[in-house]
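Can you make the complete structure from the sequences, with help from the hints?
Spelled out, the chains give:
There are 2 protein chains.
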Amino acid sequence: METPRKARRSGGRAARVAARTAPLEAAKRPVWPGIPGGQYSPLSETEVARVHAAALDALEQIGMAKAPPSGVDILTGAGCALGLDGRIRIPRTLVAEMLEKAAKTVILPARDPQFDIELSGRRVHFGTAGAAVSIVDSQTGAYRDSTTQDLYDAARLVQTLDNVHFFQRPLVCRDAKDNFALDFNTLYASLAGTTKHIGTSFIEAENLDGCLKLIHAVAGGQEAFRARPFVSNTNTFVVPPMTFAEESCQVLEGAVRAGMPVLLLSAGQAGATAPAPLATAVVQAVAEVLAGVVYVNAISPGHPAIFGTWPFVSDLRTGSMSGGSGEQALLTAACAQMHRFYGLPGGAAAGMTDAKLPDMQAGWEQAISNVMAGLAGLNMVYESVGMHASLLGFSMESLVLGNDMLGQVQRCVRGIEVTEENTSIEVMKSVCLDGPGHYLGAEQTLRIMQSEYIYPALANRSSPKEWVEKGRPILLDSARARVREVLAQDGHQFAPDLQAQLEAAFDLIPLKRIHEGL
Amino acid sequence: METPRKARRSGGRAARVAARTAPLEAAKRPVWPGIPGGQYSPLSETEVARVHAAALDALEQIGMAKAPPSGVDILTGAGCALGLDGRIRIPRTLVAEMLEKAAKTVILPARDPQFDIELSGRRVHFGTAGAAVSIVDSQTGAYRDSTTQDLYDAARLVQTLDNVHFFQRPLVCRDAKDNFALDFNTLYASLAGTTKHIGTSFIEAENLDGCLKLIHAVAGGQEAFRARPFVSNTNTFVVPPMTFAEESCQVLEGAVRAGMPVLLLSAGQAGATAPAPLATAVVQAVAEVLAGVVYVNAISPGHPAIFGTWPFVSDLRTGSMSGGSGEQALLTAACAQMHRFYGLPGGAAAGMTDAKLPDMQAGWEQAISNVMAGLAGLNMVYESVGMHASLLGFSMESLVLGNDMLGQVQRCVRGIEVTEENTSIEVMKSVCLDGPGHYLGAEQTLRIMQSEYIYPALANRSSPKEWVEKGRPILLDSARARVREVLAQDGHQFAPDLQAQLEAAFDLIPLKRIHEGL
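Chains as they are written, first to last, in the working numbering: chain A, 5 to 522; chain B, 5 to 522.
One or more of the hints may lead you astray.
Copies of the same chain are indistinguishable here, so a pair counts whether it falls within one copy or spans any two.
As the list claims (entries may be wrong) - Mimicking DSS-like on lysine-lysine, the simulated pairs with C-alpha atoms at most 30 Å apart in a straight line are:
hint: 1; residue 1: Lys108; residue 2: Lys469
hint: 2; residue 1: Lys516; residue 2: Lys181
hint: 3; residue 1: Lys70; residue 2: Lys433
hint: 4; residue 1: Lys181; residue 2: Lys469
hint: 5; residue 1: Lys32; residue 2: Lys217
hint: 6; residue 1: Lys105; residue 2: Lys433
hint: 7; residue 1: Lys105; residue 2: Lys70
hint: 8; residue 1: Lys70; residue 2: Lys516
hint: 9; residue 1: Lys469; residue 2: Lys105
hint: 10; residue 1: Lys433; residue 2: Lys32
hint: 11; residue 1: Lys474; residue 2: Lys105
hint: 12; residue 1: Lys32; residue 2: Lys108
In short, the hints are calculated from the structure, not lab data.
Here it is as structure tokens:
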């Protein structure tokens, strides 16, 4: 990072140097949260209609198994049929009615309002998510159990990364002593580390009350939270294929009643818990999430919900997951298009890699699915940074490098503006007919260098000569230095009195606020 | 790679293992050369029309400087105006007339017909290209001068890489003693290493005759070559902005008369030799290549030519090139869309990285532009593998890893087929209502595992546990081993008698056919 200096109005290299080092007004940044995508449509209109029709057939003919008793009441009350086989079947007319009622725009507030997210249309946002059980040591290749401290550190890093727009817990706090301590400290570490919007899950419905106490304490009361719910519930309410997750359904009901936005998450795995043909995997995911839309809107019409079709991919040679595959990128992009078809805010997973380390494979696997998700106009791109080994490992270095990757992806999503002004050939004329024969010093070049172009923070663009002169810096070393730099500072996001209040009221896993000599 | 074994008809893991190890018929491969893209359109129809109109304005109002005398005759003979300022101005009616005459389908034959390439519609192909002056040592980070042997080795590797469809020389043979020796041995090393289609350039027009002697000797005569021109001329006939390259124009005329397909290449650099706004950079590139279309079709109507809009990007902070940027990906994708608009076979550059080594940055930078180029339906994606340091360095390890990346990219370009059959919910029904509750052993899963899914050769998909058990293999080590394995074998593509004939007739730089103990 360069130190901001005063821009000068002269041309040439000095002016370029000055221009690049001046801080950018937010409005002139080359990328921003919510850039509209949608220039890429993996499916034709006929194909979208076919997926939709098949999903409706599946809900009518196969239906969903294992709704909890409360869910059976809610769903049959709304017009679903409970079969003798215990399955809830949902008529297409009811789905249509609930799609009408469903929220078309969802705001995900953040504790710091500058990070609020508006989900609508084709607005694209990137963030973390996942349940990695390990931290990857990028130096030794060691995989060790992830902890609450790691989650806090990841949150603190995300707070500093402009191109990561929300923080859903990407890793599991394996040092928590029980399920409640896990849910509770996941929330605590996330909220303590970042003021961006938080997504979290609850293992058991009975954990919700205790966690809401923490949330309300941070919000300054229940009403304050309901007015700006800065925590949403990522809810795997379905265990594919076509089966409700009873416990999570109870969490879902509680979260809706507590005023939390919900992510209705169906995470089937094509070839294992979802059909192997990519098209049918999308059909099943859509059917399952439509069941969730009916469920939520039957409880509370228009409740903020995200259409969370997250079909994953199996490597069919082994049956294990492959998050980094091209098939994964296609599934996610196709789901984004289904969200657009329904006009509902949607989210899916991209940016995962099967690579164990932040290497070249990690780069191409993370990038392909992220850029396709963005170009397809996915509102919420989950898992977009830091996730390795098919979601089993999280890497801090990969997280900070991924911020550069996401900046580039967002630049691509923004696209090329072709206006009357910027297709004017006047500058070409003056350069070619009267001018110097090149555009380097042109006023236009200087004017747009910060708004039209994005510059990476860690990715290296120097020439081989400069690179050798600087001792051939290794990308991962730069990433480690950046991680160290951020974690050596106190980025705690609770004021001292709130922190004291929380420590007095709750059983918190202690967090180290400054890492020295990392 | 697995040894092919006989497939068995039983279900479960054994059958999956058997199915994956059986060799695939070409027709059932998950990806293939010429997969149609075009699902992604970076520009709206209005925007495309605006670019086209501005390019026509530029040709009429600015025109092209410095045509060679022969070119002035050809172009004014066709209806262009030579101004008092020495510039050739091209009326839009003439452009329209020449677009009519231009070849809409171009076949790029290969010495081995199985590698023939058909350029039409949105068919996508990936290959090498460039003029790297260094070879990157991925172990030490050293950049050393590239040689004829390196070019031969790269060609031999490409011969083995399914997802790399053509070979244009990616690096400069810096051991050649003069310009003729350079052009000649570039051709010789390329042809000796691969039977895929070869793209090459000629520094001086007078080199063409001597090089054609080699080409005709390999073809078995001039007529045989004209019937199946397996070498095309990559021709930088323009020095942006809006200026002909006199020497290259003479090469162009010679190549057209020799029956060689030509790549009409405009390689401006936005912010330096092209306008800084991305839209205007596209306008200028389109204008320049349209001038080339007029030129070629004035000599020989319908001559096979590729619309080679290759606008590059400057990092405006330094003025140096950034091939790995998101802006580059956008420029290339926008050009692909202009090719579609004209209905002409087109090519552009993608897959370049600014990274000095095959690291995570290299992965994301190469992948983003390659996948966007493919999804935009670019017929010829040049520079798509192996190019580092903004085109200054070439890496063999990156080349073999890039083959995996390109396989994944091609899988994404292929997209999701949504047919009546694969949206049938019958398999879902049988699994959910009567079956095992998962799809792992389903007949459908086994049937499509090789046609619907692509598996990487070098990218690692093992679990952290397996990976640790295997000693934490490093991706670059696997790539080095693959390079060694290929180069330790004799992959020379000339029969002994042809080789003897060439050695007797020409001054060839000697090539080592087998590397031992690399």
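- Query: Which numbered conditions among the earlier hints are violated in the structure presented, ordered from lowest to highest?
  - Reply: Those not satisfied are hints 1, 5, 8, 9 and 11.
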